[in-house]
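Chain U is already provided as a structure; the job is to place chain V on it using the hints.
As given, the protein sequences belong to chains U and V, one line each in that order. So the first sequence is numbered by the UniProt record's numbering: it starts at 1 and just counts up by one. So the second sequence is numbered by the UniProt record's numbering: it starts at 1 and just counts up by one.
Among the hints, a few may not be true.
[As the list claims (entries may be wrong)] To give a feel for the contact side, a few chain U residues facing chain V, derived at Cβ under 7 Å: (1) D30; (2) I32; (3) V36; (4) M39; (5) D45; (6) Y155; (7) G284; (8) V305; (9) V307; (10) E394.
[Stated by the list, open to error] Below, in silico cross-link-like pairs of lysine-lysine (DSBU-like), each with a Cα-Cα straight-line distance of 35 Å or less: (11) U:K344 with V:K403; (12) U:K105 with V:K79; (13) U:K158 with V:K46; (14) V:K79 with U:K27; (15) V:K79 with V:K2; (16) V:K272 with U:K315; (17) U:K79 with V:K2; (18) V:K37 with U:K2; (19) V:K226 with U:K116; (20) U:K403 with V:K344; (21) V:K46 with U:K37; (22) V:K168 with U:K46; (23) V:K37 with U:K27; (24) U:K272 with V:K403; (25) V:K315 with V:K171.
[As the list claims (entries may be wrong)] Partial chain U-side listing against chain V, Cβ under 10 Å, derived: (26) A111; (27) K124; (28) V127; (29) L128; (30) V193; (31) Y207; (32) I208; (33) T224; (34) S292.
Note that these hints are calculated values from the structure, not bench results. Glycine included, each C-beta is placed from N, C-alpha and C at the ideal position.
2 protein chains.
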Amino acid sequence: MKAAIITIGDEILIGQIIDTNSGYIAKALDRIGIEVKEMLSISDDKQAILDTFALMQDTVDVVVITGGLGPTKDDITKKTICDYFEDTLIRNVEVEAHVIALIEKALQREASQMNKDQALVPSKCVVLPNEVGTAPGMWIQKGQTVFVSLPGVPYEMKYLIDHQVVPKIVKEYKRPFIIHKTVLTYGQGESVVAERIEDWENDLPSYIKLAYLPAPGRVRLRLTAKGTDRQFLETELERRLTSLCLLIGDIVVGLDEEETLEVVIGRLLTQKNKTIATAESCTGGKIAQVISGVSGASNYYKGSVVVYATEMKTKLLEVSLSTIEAHSVVSAEVAKEMAINCQKIFETDYAIATTGNAGPSKGDSDAAVGIVFIALATPDGVIVEEFNFGQPREKVIDRAVGKSLEMLQKEILKNVL
Amino acid sequence: MKAAIITIGDEILIGQIIDTNSGYIAKALDRIGIEVKEMLSISDDKQAILDTFALMQDTVDVVVITGGLGPTKDDITKKTICDYFEDTLIRNVEVEAHVIALIEKALQREASQMNKDQALVPSKCVVLPNEVGTAPGMWIQKGQTVFVSLPGVPYEMKYLIDHQVVPKIVKEYKRPFIIHKTVLTYGQGESVVAERIEDWENDLPSYIKLAYLPAPGRVRLRLTAKGTDRQFLETELERRLTSLCLLIGDIVVGLDEEETLEVVIGRLLTQKNKTIATAESCTGGKIAQVISGVSGASNYYKGSVVVYATEMKTKLLEVSLSTIEAHSVVSAEVAKEMAINCQKIFETDYAIATTGNAGPSKGDSDAAVGIVFIALATPDGVIVEEFNFGQPREKVIDRAVGKSLEMLQKEILKNVL
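Bound-form chain U, shown alone:
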């Protein structure tokens, strides 16, 4: 089964909004064995929509469309669907009752005519009820292809994908198996990893595909197997993974599908009943964001301080003024004090601290752009490392976040194994 995902909206084409809907839909379809062939973002323009529908017709089994379902004039998806399917809009009484109730409850006012017109749907479509918004999803077939139209508001789209679209596809279609395994490596670049596994890679069968996903400091290797015999695919993937780990076991840190470093760390901390907090300067809260983004993080993540202003390092984190004056605010000594004091304040087992200059211009210190000190307080003491991450700014921040997590994982393993 093949799918395409279409996002409708000029705000995406002028770069005003980043399309995150397509990624969510792709992941949901991938999980049930549907291969997404293409994602497209197109204009709120009738002809562009019609052309794209025609291009997808009978080349994929499912087309998922988001956007253009609002009540205003620039939302033309519904009318265009009627044109494409030679259909007319009819009023759906269940949807209208839902819209009226929702507006009354949420906004304490009566639904306007424009609100009520959200209940107008193409007569040939199956309505997918939207419990969390006013625009319903629509499921409508032509030839070999089902077109599914969803609102573009992310949480409404997610609700409809999870509660309506995926269950309906699972019920109505037979699908092959797609299995991914992702191996997370760190410390070596893409080309070095590739050279080390060259023979292994050349020996892969045609139904197993390898992809390299490089990020600063780490490379993920994704193996994808596709076929009809799930048992066979699983066994074969496991066999290949084992031989891969024999080759590069020294740099492999995780094995599961979604095993990012922060997920691995989260599991380790939970298992060992350990806690963590962060004190960040140049990384501006991004380490906290990455750690707290893992589901279940409240079990081990106690909180963070972001000390943008230098004086806050002394005040909030009790870094001594004499340390700052003797060594500068970007220094190993300040990073160490930040980490130790953060560990004390939050009463955690571990604390990460960063101080550095991410650029583009020099800050409160004389440190060159790219210099970052990362300190890690552990139950056994504190370690600190100096890095030069170069530039630009976002690379410095990303690499500092990556290195912090690497240091943390190494130390946790040392302490708990």
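Frame of chain U; chain V shown alone:
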């Protein structure tokens, strides 16, 4: 001039990575008057790439392609470009020298053969030097269409867009003018706004297009004018904007192109030399992130505390235990103490605090899912409001962030006008 943006990579099609490159490129092209007709994400598959190139050939002037330029086997863009343009790869000596120097400097080792092969480029292409990475950009023409291929690593892509692609397009092409004006409104829903401006909207000329960009609590109205006479377009847009503001001036909070609420707030704080800090519980640092994401935020943003664990509210923010016991951790009283103490600790003019239950399950308090208290400490005292943002979790967080900023803007205006 029309453009298309193509992203190559299976990691996007299975939802493992969100494509943020296309948005950046779209914004850069829009700024120089190039209209992006379509964005596509396609597979690392030779035939898919060839088909897409053929589809774009002579229908747009510029095709910008990212991804697939790494040194490993799954990176097939270069070979596919050779097939499409009936070309062969040759070694570019300048690029090779750059790669060798970069690897030596960054990694303190010699470049491998795989590194050096980054210098292989199609003979017909113009090389776009990449100062921040090993894979060069490529500019190659066929018929009426220029194909520009860039690496997918975001900061390398951004470097090449800013320093190579945009300057080259500006030098070599005549372009029309596209002007956007965005009006930010808040407090009323999309359909209410639409009804209020219906006559005004119907009266817009064909060369001015209106789009509604709704978000929880606010609606942005984007006007786009396109044509060859810049002066005429500017005047006409201004005239339409003035009449729009006469209609809905009571809910308009900003007028500029990129005027989000956080940008408006940043400008107000900078102008008046006021500062801000945040103390967040249920919003988990997102308010800090939104505020500090504005360029120049270090002028007014002092930092934040994220108090995930209840005990940290007492310890780090000195919220009194008796307040928590008397009123529960999700209460107006706790929010007020958090804000006042945050203002004191960071020595700022303003401080925002949030406490609530974003769901999906109940936390340390008995508050229903969706209940959020937002407190704002100002130079004149502290205000607090209670909200029920319903569910799901991300909607609760987004609306809490939006409401916090609205409350802040209102208070700043009150104090400084």
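Agreement of hint U:M39 with chain V interface, Cβ distance less than 7 Å: 4 Å, holds
Hinted pair V:K79 and V:K2, Cα distance within 35 Å: Holds, because 26 Å separates the two Cα atoms, which is no more than 35 Å.
Agreement of U:K344 and V:K403 with the hint, judged by alpha carbon distance not exceeding 35 Å: Holds - the C-alpha atoms of V:K403 and U:K344 are around 34 Å apart, at most 35 Å.
Interface hint compliance - U:E394 to chain V, C-beta minimum distance less than 7 Å: 6 Å, holds
Hinted contact U:I32 with chain V - closest CB pair below 7 Å: At about 12 Å, which exceeds the 7 Å cut-off, the nearest Cβ of chain V leaves the hint on U:I32 violated.
U:G284 as chain V interface residue, shortest Cβ-Cβ below 7 Å: 6 Å, holds
Holds or violated: U:K272 to V:K403, with C-alpha atoms at most 35 Å apart: The given pair, whose Cα atoms are some 39 Å apart, is violated under the 35 Å limit.
Status of the hint placing U:T224 at chain V (closest C-beta pair under 10 Å): For U:T224, the interface hint holds, since the closest Cβ of chain V sits about 7 Å away, which is under 10 Å.
35 Å Cα cutoff - pair V:K168, U:K46: Distance of about 33 Å is within 35 Å: holds.
Agreement of V:K37 and U:K27 with the hint, judged by alpha carbon distance not exceeding 35 Å: 26 Å, holds
Agreement of U:K158 and V:K46 with the hint, judged by alpha carbon distance not exceeding 35 Å: 32 Å, holds
Holds or violated: V:K272 to U:K315, with C-alpha atoms at most 35 Å apart: 24 Å, holds
Of the numbered hints given earlier, the model fails hints 2, 5, 12, 24, 25, 27, 28, 29, 31, 32; all others are met.
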